[in-house]
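Residue numbers (numbering that gives the first Met the number 0), protein chains in the order written: chain S, 0 to 242; chain Y, 0 to 187.
One thing to keep in mind: the hints can contain errors.
Stated by the list, open to error - Covered stretches of chain S (chain Y as the covering partner; in silico rule of three or more C-beta atoms under 8 Å from a C-beta of chain Y):
{"no.": "1", "region": "50–63"}
{"no.": "2", "region": "81–87"}
{"no.": "3", "region": "137–149"}
{"no.": "4", "region": "168–178"}
The set of hints was computed from the structure by calculation and includes no laboratory data. Bear in mind that the values here come from a model prediction, so they are computed numbers and not experimental data. In this text, a Cβ means the ideal position worked out from N, Cα and C, and glycines have one as well.
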Amino acid sequence: MKAGEPEEFIVDGRRLDGRKVDELRPLKIEAGVLKRADGSAYVEWGGNKVLAACYGPKEIHPRHEANPKRAVLRTYYSMAPFSVYERKRPGPDRRSMEISKVTRQALESVVFTHLYPMTAIDVFIEILQAQAGTRCAGITAASVALADAGIPMRDLVPACAAGKVGGHIVLDLFDIEDNYGEADLPVAIVPRTGEVCLMQMDGNLTQEEFEQAFELAVKGCMQVYEKQKEALKKAYEKRGEEQ
Amino acid sequence: MKKAGEFVVPGTELGFSEEFIPGRGTYEEDGKIFASLTGVLRINMKDRRIEVVPHTTVPEPRAGDIAVCRVVDVKQQFALVKLLRLVHTKRELPGNVYGTIHISQLRPNYVQDIDREIKAGDIVLAKVTNTRRIPIALSTVDRPLGAIKAYCTSCNLPLNLEGSRLVCPNCGRHETRKYSSNYGKGMI
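So that you can see chain S by itself, here it is in the shape it has in the complex (with noise of 0.2 Å):
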């Protein structure tokens, strides 16, 4: 047993926040937050606080990274210093570099990118708080983010993570379960068709507790879904009473 572990994760069908085993934590999300990028989304979910920000397509810079078929999507995920326990020394590292490709790669099977030719779409996740399980919470924000920006998608990427604690299949993780449970599987998914975008997996996990987790991960997928539409649906009702 590692140091500070606690000794039961779930006691009387009660996780150690209070949630049930496939109860996500509390989830609020806005959009349309920041001026002068064209869109942008901010999601606190449970003590996670993430900020995306969206810009283009534009001209690409360096030009031959432009690709002529379709623009290219950067991603950009980044914790600030003050958002974990002990300082994080600022700017990109291995973990930083992994979930930026990851991310990009899950909002490339939706972004319309053939549309806009020898262009660049930025996008920028910053962590302001992590409590477990950001690379979903950032996935959610950015995918709000570029449908605020007006970008053609197929459709929203919600995400959401599910993992095995003190031998329970639970829903979206905070951060004693993350480090101290058996596995985490976040995944994301294109809720229209059912495509899976996204899933990484720590930890192990037999195959029927991986079908058990995935199934209930989807359906986490699904709440933060609804709670993007809402939050769209917010952000456009704002912009109609200005203009």
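Fit chain Y to the supplied structure of chain S, relying on the hints for placement.
Frame of chain S, contents of chain Y only:
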């Protein structure tokens, strides 16, 4: 199925391909039409066109828009320009939007020599006249349209408007252009 005036987000199912013609902000997949933008649904029953009306979208030049352009090249019959931005929009155009200004669309009267009216490197205000073809067609016939900044052919310095002539501040050279009534004022 959604009704006209309803709010939709990307991925919302709007109808079947047999029912409607997919318009702006929509896409077709597997015989169905879906929204690709966030906005309110509009259905034109006359031509059965279904489209999404958004508040924010990627700017796209349409006939009648005024654009700020940089002249890329001047040929005998036309000038090739790059559209930098549409006037009165906050957002950048998506990069590679090019247009041409035909010699007959440079000014109201007959133009003998195109090099007297427009030169590569100039910044011009031009009206979009046709977006059906690529590169799109523009015109600088109207009085507020034309060069808003032009450069000296020998020194490459911005020319000053003195009276009705463009004069180089360095070599004193006089040049001719179809210039805008707002030349050099930085007013768009």
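We went through each hint and held it up to the structure:
1. Counting residues of the region 50–63 of chain S whose C-beta lies closer than 8 Å to any C-beta of chain Y gives 5; at least three are required, and the coverage claim holds.
2. Only residues whose C-beta sits within less than 8 Å of a C-beta in chain Y count toward coverage, and the region 81–87 of chain S has 0 of them, not enough to reach three; the restraint is violated.
3. Closer than 8 Å: that is the beta-carbon criterion, and the region 137–149 of chain S has 4 residues meeting it against chain Y, so the requirement of 3 holds.
4. With 0 residues carrying a beta carbon less than 8 Å from a beta carbon of chain Y, the region 168–178 of chain S misses the three-residue requirement, and the given coverage is violated.
Violated hints, in rising order: 2, 4; the structure is consistent with all others.
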